[in-house]
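Spelled out, the chains give:
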Amino acid sequence: MINVENLTRKFDDTIAVDNLSFDVQEGEVFGFLGPNGAGKTTTVRMLCCLISSTSGEAKIGDYRITKLADSLKIRKIIGFVPDNVGLYEDLTALENLEFYGKIYESPENRRKENIERFLKMLGLWERKDQRAGTFSKGMKQKLALARALIHDPKLLFMDEPTANLDPESAKTVRDFILEIKKQGTTIFVNTHNLDEAQRVCDRIGIIKTKLLTIGTPEQLRESISRPKTEIRLAEVTEKLVAALNKSVPNRLEVSDGKLIFDVNDPDKENPLIITAIAANGGQIREVKQLTATLEDVYLQITKESK
Amino acid sequence: MRISKAWLVAAKDIKVFFRKRYTIYSLLIFPIIIGIGLPLVLSRVAGKAGAIPTGRLPDLMNAFAFFFAIGASAIPTLLASYSVVGEKVEKSLEPLLAAPITDSELLLGKGLGAFIPTLASLYVGSIFFMVLSDIFTRSTLGYNYFPNWTIGIILLVLLPLLSALSVEWSIIVSSRATDPRAAQLQGVLVAIPLIFIYVTIEVGAIKLSTSTIWIISGAALVADIILFFLSTRIFQREEILTKWK
Numbered sequence: 117m118i119n120v121e122n123l124t125r126k127f128d129d130t131i132a133v134d135n136l137s138f139d140v141q142e143g144e145v146f147g148f149l150g151p152n153g154a155g156k157t158t159t160v161r162m163l164c165c166l167i168s169s170t171s172g173e174a175k176i177g178d179y180r181i182t183k184l185a186d187s188l189k190i191r192k193i194i195g196f197v198p199d200n201v202g203l204y205e206d207l208t209a210l211e212n213l214e215f216y217g218k219i220y221e222s223p224e225n226r227r228k229e230n231i232e233r234f235l236k237m238l239g240l241w242e243r244k245d246q247r248a249g250t251f252s253k254g255m256k257q258k259l260a261l262a263r264a265l266i267h268d269p270k271l272l273f274m275d276e277p278t279a280n281l282d283p284e285s286a287k288t289v290r291d292f293i294l295e296i297k298k299q300g301t302t303i304f305v306n307t308h309n310l311d312e313a314q315r316v317c318d319r320i321g322i323i324k325t326k327l328l329t330i331g332t333p334e335q336l337r338e339s340i341s342r343p344k345t346e347i348r349l350a351e352v353t354e355k356l357v358a359a360l361n362k363s364v365p366n367r368l369e370v371s372d373g374k375l376i377f378d379v380n381d382p383d384k385e386n387p388l389i390i391t392a393i394a395a396n397g398g399q400i401r402e403v404k405q406l407t408a409t410l411e412d413v414y415l416q417i418t419k420e421s422k
Numbered sequence: 708m709r710i711s712k713a714w715l716v717a718a719k720d721i722k723v724f725f726r727k728r729y730t731i732y733s734l735l736i737f738p739i740i741i742g743i744g745l746p747l748v749l750s751r752v753a754g755k756a757g758a759i760p761t762g763r764l765p766d767l768m769n770a771f772a773f774f775f776a777i778g779a780s781a782i783p784t785l786l787a788s789y790s791v792v793g794e795k796v797e798k799s800l801e802p803l804l805a806a807p808i809t810d811s812e813l814l815l816g817k818g819l820g821a822f823i824p825t826l827a828s829l830y831v832g833s834i835f836f837m838v839l840s841d842i843f844t845r846s847t848l849g850y851n852y853f854p855n856w857t858i859g860i861i862l863l864v865l866l867p868l869l870s871a872l873s874v875e876w877s878i879i880v881s882s883r884a885t886d887p888r889a890a891q892l893q894g895v896l897v898a899i900p901l902i903f904i905y906v907t908i909e910v911g912a913i914k915l916s917t918s919t920i921w922i923i924s925g926a927a928l929v930a931d932i933i934l935f936f937l938s939t940r941i942f943q944r945e946e947i948l949t950k951w952k
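As you go down the protein sequences, you meet chains A and B in turn. Each residue of the first sequence is one higher than the one before, counting from 117 in our numbering. Each residue of the second sequence is one higher than the one before, counting from 708 in our numbering.
Rather than coming from a laboratory, the hints here were simulated on the basis of the structure. All figures in this text were calculated on a predicted structure; none of them were measured in a lab. Every clue listed holds true.
As a list, the in silico DSS-like pairs of lysine-lysine whose alpha-carbon atoms are at most 27 Å apart: (1) A:Lys-189 <-> B:Lys-798; (2) A:Lys-228 <-> B:Lys-798; (3) A:Lys-228 <-> A:Lys-298; (4) A:Lys-244 <-> A:Lys-287; (5) B:Lys-798 <-> A:Lys-244; (6) A:Lys-244 <-> A:Lys-192; (7) B:Lys-798 <-> A:Lys-324; (8) A:Lys-218 <-> A:Lys-189; (9) B:Lys-798 <-> A:Lys-126; (10) A:Lys-362 <-> A:Lys-384; (11) A:Lys-298 <-> A:Lys-192; (12) A:Lys-126 <-> A:Lys-326; (13) B:Lys-798 <-> A:Lys-287; (14) A:Lys-404 <-> A:Lys-374; (15) A:Lys-419 <-> A:Lys-344; (16) B:Lys-727 <-> A:Lys-244; (17) A:Lys-236 <-> B:Lys-798; (18) A:Lys-326 <-> A:Lys-183; (19) A:Lys-253 <-> A:Lys-218; (20) B:Lys-722 <-> A:Lys-218; (21) B:Lys-798 <-> A:Lys-253; (22) B:Lys-722 <-> A:Lys-236; (23) A:Lys-270 <-> A:Lys-218; (24) A:Lys-270 <-> B:Lys-798; (25) A:Lys-192 <-> B:Lys-722; (26) A:Lys-228 <-> B:Lys-722; (27) B:Lys-727 <-> A:Lys-253; (28) A:Lys-192 <-> B:Lys-798; (29) B:Lys-722 <-> A:Lys-253; (30) A:Lys-355 <-> A:Lys-374; (31) A:Lys-270 <-> A:Lys-244; (32) A:Lys-244 <-> B:Lys-722; (33) B:Lys-727 <-> A:Lys-218; (34) A:Lys-404 <-> A:Lys-362; (35) B:Lys-798 <-> A:Lys-218; (36) A:Lys-192 <-> A:Lys-175; (37) A:Lys-344 <-> A:Lys-355.
Distance windows between CB atoms, simulated: (38) A:Leu-184 <-> B:Glu-909: 49 to 57 Å; (39) B:Val-796 <-> A:Lys-326: 29 to 37 Å; (40) B:Ile-731 <-> A:Ser-252: 25 to 33 Å.
No residue lacks a Cβ here, since even glycine has one placed at the ideal position from N, Cα and C.
Let's have the full structure, built from the sequences with the hints guiding it.
What follows is the structure, given as structure tokens:
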């Protein structure tokens with residue numbers, strides 16, 4: 117659905133986006149993760165044909181973003197939720213959606229059907245005749261989402277969709293993203309919310325001007341560290357640790373009265389470790405599997421890039 | 708260019724204008740003052756001893772009618788500067804620019820959105836002006852002075868041309884300004900030449916005849932054409948998104 121090749125954008129002497137190359141498959145939720153000023157918004161603006169690239173190319177479906185004649189076609193098949201919702205605050209929710217539905221040339225029946233469907237899904241139907249300016253931040257964000265989807269776009273771009281939202285509104289928005297994913301819409305999400313990226317994205321790209329890494333959340337977690345098994349015992353003795361060091365090949369670390377083993381394959385190795393502990397008189401209270409979080413990955417990768 | 712798209716933008720802008728108290732005042736105050744206030748001035752001077760001689764009354768009424776031309780150059784700046792800079796300030800321009808609409812369609816829509824309410828309000832004001840002026844001067848002049856060719860050309864030729872000029876100028880200013888008030892302040896500069904012409908009429912240096920109005924209209928038409936090309940070149944969506952703070 118999206119094919120980006122060596123995409124670069126400079127503002128005077130500053131490189132905002134440097135040589136990005138990646139693909140997004142149809143029906144995928146792709147997350148762009150990065151700190152403020154990493155080039156996420158600039159990338160989305162280039163892909164939405166809002167600003168031009170300095171060099172490189174990107175294709176949205178069969179259309180090229182660098183070809184002027186394609187830009188209107190691209191804008192017709194995409195939906196866009198900017199970081200600032202950008203609603204007409206003096207117009208009602210219904211008028212906002214009607215206006216954009218007509219601008220996108222959505223057929224009247226389909227437009228009305230979508231307006232009702234999305235406003236009901238997002239819990240705004242009862243307030244459809246109220247001005248957007250009277251809405252809370254969460255409600256405005258939901259309305260902006262409905263606006264971006266009013267014409268049934270094939271691809272939806274969202275720039276920080278849950279920034280500054282309360283947890284309940286953020287959850288509604290995340291659930292809505294997953295719902296529209298089920299309908300086959302390809303989704304490109306800019307975020308610096310790691311939890312959100314982990315929950316909704318099939319694949320994640322970490323960007324800091326350059327694309328630092330890309331993969332599924334699991335691949336990224338595995339890329340920085342092997343899993344660990346943490347075992348809390350009734351008592352950790354030196355004799356037991358010495359015995360385990362001899363009988364178990366895994367690297368062992370003792371921390372805060374707990375034994376932490378490096379494991380490659382937890383399913384195979386954990387039973388062996390537990391048997392060894394029991395054989396050496398250890399009384400197991402709790403076994404926990406530790407894996408690197410997306411936060412660990414993000415912090416390590418962005419730190420390495422400095 | 709699809710006129711239907713431009714019309715959608717214009718209709719939306721007009722709807723927004725009518726929901727903002729400030730823009731409603733901008734649209735109403737000037738026509739009310741000119742349409743009702745100036746005939747009231749005429750009622751105080753027409754046929755009164757020591758006031759303006761009856762022979763000079765038509766000149767004064769023509770000069771007053773010229774106020775509509777000044778209004779046509781001033782009012783659209785208040786609306787047009789809001790419609791571009793205001794949208795940017797309220798952050799609603801970015802999703803609109805991401806929609807399938809060309810710069811020309813957007814600019815035409817923005818222009819029509821300011822042009823139509825301005826002309827409508829001035830035309831309503833002019834009806835009041837003509838009717839009230841005739842009521843207050845009929846006994847002195849012995850006939851209804853309005854409507855006549857002078858005000859006819861002012862309303863039907865000069866007003867649309869000046870409104871368009873003002874809209875184009877406002878779009879140029881708005882494309883550079885980052886604050887609606889700054890855009891409005893710079894926008895109303897377009898009214899200054901008209902005020903200058905009015906003063907020269909008042910001091911008698913120019914007689915406001917139909918040929919004078921045709922000449923002013925011709926100049927406005929030339930300026931319209933030049934500013935149209937300038938406004939479409941100056942309006943850069945990329946610059947608006949990346950340089951405006």
